[in-house]
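Each protein sequence line maps, in turn, to chains D and S. Every letter in the first sequence is one number past the one before it in our numbering, and letter 60, counting from 1, is 60. Every letter in the second sequence is one number past the one before it in our numbering, and letter 99, counting from 1, is 99.
Incorrect hints may have been included.
Claimed, not checked - Label pairs and their in silico Cβ distance ranges: (1) D163(D) x K111(S): 51 to 59 Å; (2) Q22(S) x D64(D): 47 to 55 Å; (3) L311(S) x E315(D): 47 to 55 Å; (4) K308(S) x D27(D): 21 to 29 Å; (5) E217(S) x D124(D): 27 to 35 Å; (6) E184(S) x E315(D): 41 to 49 Å.
Unchecked claim - If you want the footprint, here are the derived chain S segments under chain D, 3+ residues with CB under 8 Å: (7) 26-35; (8) 70-77; (9) 190-201; (10) 232-241.
Since the hints were derived computationally from the structure, they do not count as laboratory data. Backbone N, C-alpha and C fix where the C-beta goes; we use that ideal spot for every residue, glycine too.
There are 2 protein chains.
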Amino acid sequence: MRKFNFCAGPAALPEPVLRQAQQELLDWGGRGCSVMEVSHRSAEFLEVAERAEQDLRDLLSIPDNYKVLFLQGGATAQFSAVPWNLFGVGDKVADYIHSGQWADKAIREAKRYGQVNIVASGEDRSFTYAPGAESWTQSDNAAYFHYTPNETIGGVEFDYVPDVTCPLVADMSSNILSRPIPVEKFGVIYAGAQKNIGPSGIAVGIVRDDLLDRAMEGIPRSLSWKVAAEAGSMDNTPPTFAWYLAGLVFRWLKGQGGVEAMSTLADRKSTLLYEFIDRSDFYSCPVEKSSRSRMNVPFVLADERLDKEFLRQSEEAGLLNLKGHRSVGGMRASLYNAVPLEAVEALVSFMADFEKRCA
Amino acid sequence: MRKFNFCAGPAALPEPVLRQAQQELLDWGGRGCSVMEVSHRSAEFLEVAERAEQDLRDLLSIPDNYKVLFLQGGATAQFSAVPWNLFGVGDKVADYIHSGQWADKAIREAKRYGQVNIVASGEDRSFTYAPGAESWTQSDNAAYFHYTPNETIGGVEFDYVPDVTCPLVADMSSNILSRPIPVEKFGVIYAGAQKNIGPSGIAVGIVRDDLLDRAMEGIPRSLSWKVAAEAGSMDNTPPTFAWYLAGLVFRWLKGQGGVEAMSTLADRKSTLLYEFIDRSDFYSCPVEKSSRSRMNVPFVLADERLDKEFLRQSEEAGLLNLKGHRSVGGMRASLYNAVPLEAVEALVSFMADFEKRCA
Numbered sequence: 001m002r003k004f005n006f007c008a009g010p011a012a013l014p015e016p017v018l019r020q021a022q023q024e025l026l027d028w029g030g031r032g033c034s035v036m037e038v039s040h041r042s043a044e045f046l047e048v049a050e051r052a053e054q055d056l057r058d059l060l061s062i063p064d065n066y067k068v069l070f071l072q073g074g075a076t077a078q079f080s081a082v083p084w085n086l087f088g089v090g091d092k093v094a095d096y097i098h099s100g101q102w103a104d105k106a107i108r109e110a111k112r113y114g115q116v117n118i119v120a121s122g123e124d125r126s127f128t129y130a131p132g133a134e135s136w137t138q139s140d141n142a143a144y145f146h147y148t149p150n151e152t153i154g155g156v157e158f159d160y161v162p163d164v165t166c167p168l169v170a171d172m173s174s175n176i177l178s179r180p181i182p183v184e185k186f187g188v189i190y191a192g193a194q195k196n197i198g199p200s201g202i203a204v205g206i207v208r209d210d211l212l213d214r215a216m217e218g219i220p221r222s223l224s225w226k227v228a229a230e231a232g233s234m235d236n237t238p239p240t241f242a243w244y245l246a247g248l249v250f251r252w253l254k255g256q257g258g259v260e261a262m263s264t265l266a267d268r269k270s271t272l273l274y275e276f277i278d279r280s281d282f283y284s285c286p287v288e289k290s291s292r293s294r295m296n297v298p299f300v301l302a303d304e305r306l307d308k309e310f311l312r313q314s315e316e317a318g319l320l321n322l323k324g325h326r327s328v329g330g331m332r333a334s335l336y337n338a339v340p341l342e343a344v345e346a347l348v349s350f351m352a353d354f355e356k357r358c359a
Numbered sequence: 001m002r003k004f005n006f007c008a009g010p011a012a013l014p015e016p017v018l019r020q021a022q023q024e025l026l027d028w029g030g031r032g033c034s035v036m037e038v039s040h041r042s043a044e045f046l047e048v049a050e051r052a053e054q055d056l057r058d059l060l061s062i063p064d065n066y067k068v069l070f071l072q073g074g075a076t077a078q079f080s081a082v083p084w085n086l087f088g089v090g091d092k093v094a095d096y097i098h099s100g101q102w103a104d105k106a107i108r109e110a111k112r113y114g115q116v117n118i119v120a121s122g123e124d125r126s127f128t129y130a131p132g133a134e135s136w137t138q139s140d141n142a143a144y145f146h147y148t149p150n151e152t153i154g155g156v157e158f159d160y161v162p163d164v165t166c167p168l169v170a171d172m173s174s175n176i177l178s179r180p181i182p183v184e185k186f187g188v189i190y191a192g193a194q195k196n197i198g199p200s201g202i203a204v205g206i207v208r209d210d211l212l213d214r215a216m217e218g219i220p221r222s223l224s225w226k227v228a229a230e231a232g233s234m235d236n237t238p239p240t241f242a243w244y245l246a247g248l249v250f251r252w253l254k255g256q257g258g259v260e261a262m263s264t265l266a267d268r269k270s271t272l273l274y275e276f277i278d279r280s281d282f283y284s285c286p287v288e289k290s291s292r293s294r295m296n297v298p299f300v301l302a303d304e305r306l307d308k309e310f311l312r313q314s315e316e317a318g319l320l321n322l323k324g325h326r327s328v329g330g331m332r333a334s335l336y337n338a339v340p341l342e343a344v345e346a347l348v349s350f351m352a353d354f355e356k357r358c359a
């Protein structure tokens, strides 16, 4: 029996997607083998690959002057790829917003290759908010401007897209496909798959054409967006099963009404949980209201000695993976697209009940 | 119905492995979710990861002073990783054997970071043999010596391990786990998974401890063996499903009798096919006898105008993916561990029949 799964990643996948994958795992469309067992260059797999790209383009209304790449190494490899691909022309200077642990990882890697200006940071209030644009000073000569629209660990989400004069680069790993986005405002969007796209082991890159010629000398092939773009993301053997599953997820998303429907659902799910937490004296959320993530809801119990019991009982109640990130403790409920409203209703109901019994 | 699959990669997987994966795809061990849907840092996934490593260590008798890494980006990423990880101490010079297309790719990438000496090349006879050690001149100052024990495209396999004075590095993508290997003779072994290990999207690295501290300044995190080793191959979210499947393959291999049994089987399968080809005037194999791969058997028809018909009819007979690599044409039968003897018997029977009808 499937349980409700609030894992931050690798996260829950849509059940119909898993059912289809299961059904055809040994014999894919009557071909007598698995989709895992065919060449990535075969006509049948190319069809999978192209359909996945087209569906993603449709879902996010990606303009034609953007390449869609299917990459390996997750967002972490992109933390290196961003400076490697964009520091080859002009000054090796970039603006970064420091909004939490994931922004920090991106910043650390970029600093190894050039100068990083922190244009805004949430550090003054323990990264519990998304810094606003009021107080920024952008660099004149920045090669790009990087930010993390949703901090998976901190549960902080930007409710606006920065308006900048250089190419805007975003690590959208944990909120891509949860709402419509104005792709044309971005130079580069990248996202590890294991939250809203598919299983871990594949990442998506959306790169504006004119940014493919700015790489530093000596960029490793595997990090080059240009190499990936020219090879149709097949310079090396791609993770075909992950690509196929991502394609099934995109198809499922279309059937659900696309990112507009996902956005409405994300509002309902997160509002339900946040409102419950805010009404309670027993639970609290450390994140400022205007910056609260619709994807990752961190919360703490009034008495942390009850954490273990909360986790034990929630598991027993069929609510999986509510433990907060090891670096912050407490709880975290991740409410990605594949987590149904019923899961959040069940969670809130359990939380109310637990409070009654233990508060 | 499952057919016989001779794909060069992503290649056939053992049917019992696929069956287990299928059976528990939605509900893994009664946990109420898929193995794809749990954190890579959860106790349950760590158990999968550790068991896979231990089984691989057992299968290849990997000494304790070697790290086993589960990596992303395939062998192609390792073409960059090798010079990046090994050129940081001493001269940026490396010896390479040029044995075909895969060696060439490794060489091209290494040349971007240092000096490559081609100590031996099969180019004089169109890469139809594995150059022997008689005529080599190793560099005095090489940081490492690289070769490709099995050329997947050319069907050329080395029947010996080079005896060299610097760390020996091998791209074992297409013949790892097909025979016992003296790991202690190697500095680094790497292999993309999609032939003898599991699905595409994961690669294995086996790195001797003392080689972890030789990286060049500025190595991207995602290419660093040291970072991977220190993080238990979890510096970023690993491809968990591919790792799990690799683990099931290792377990299956142990049940089959390990690499000794696989080696015996590889002998039987490849001998059956090569002997049939050699007896025939209609089929021929361009590779010199002493260098013929037990994993990838390229062959051509006497009249290439029959290629299309051969492929059409073989497909119809349930023998999949016999088309040769797009760069060389002809046919290729890949006989990895998961391809049973019956598949080769069926292939030979079909080939004999086709010859009778069309020769």
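Is it true that E217(S) and D124(D) lie within 27 to 35 Å of each other by Cβ? With Cβ atoms ~33 Å apart, the hint holds.
Take the C-beta atom of E184(S) and the C-beta atom of E315(D), compute their distance, and say whether it sits inside 41 to 49 Å. At 45 Å between Cβs, range holds.
For the hint 21 to 29 Å, verify it against the beta carbon of K308(S) and that of D27(D). Between K308(S) and D27(D), where Cβ atoms are some 26 Å apart, the hint holds.
Check of the region 190-201 of chain S against chain D for coverage (Cβ-Cβ below 8 Å, three residues minimum): It holds: at least three residues are needed, and the region 190-201 of chain S offers 5 whose Cβ sits within less than 8 Å of chain D.
Do L311(S) and E315(D) keep their Cβ atoms within the hinted range of 47 to 55 Å? holds (53 Å)
For the region 232-241 of chain S, do three or more residues have a beta carbon lying closer than 8 Å to a beta carbon of chain D? holds (count 7)
Check, residue by residue, whether the region 70-77 of chain S contains three or more positions whose beta-carbon lies closer than 8 Å to a beta-carbon of chain D, and give the verdict. Since 6 is at least three, the answer is holds.
Taking 8 Å as the Cβ threshold, is the statement that the region 26-35 of chain S is covered by chain D upheld or broken by the three-residue rule? Contact hint for the region 26-35 of chain S vs chain D: holds, 6 residues under 8 Å.
Taking 47 to 55 Å as the hint, is the beta-carbon distance of Q22(S) and D64(D) inside that range? Since the Cβ atoms of Q22(S) and D64(D) sit about 39 Å apart, the hinted range of 47 to 55 Å is violated.
That 51 to 59 Å hint for D163(D) and K111(S) (C-beta), does it hold up? violated (44 Å)
Checked against the numbered hints given earlier, this structure breaks hints 1 and 2; the rest are met.
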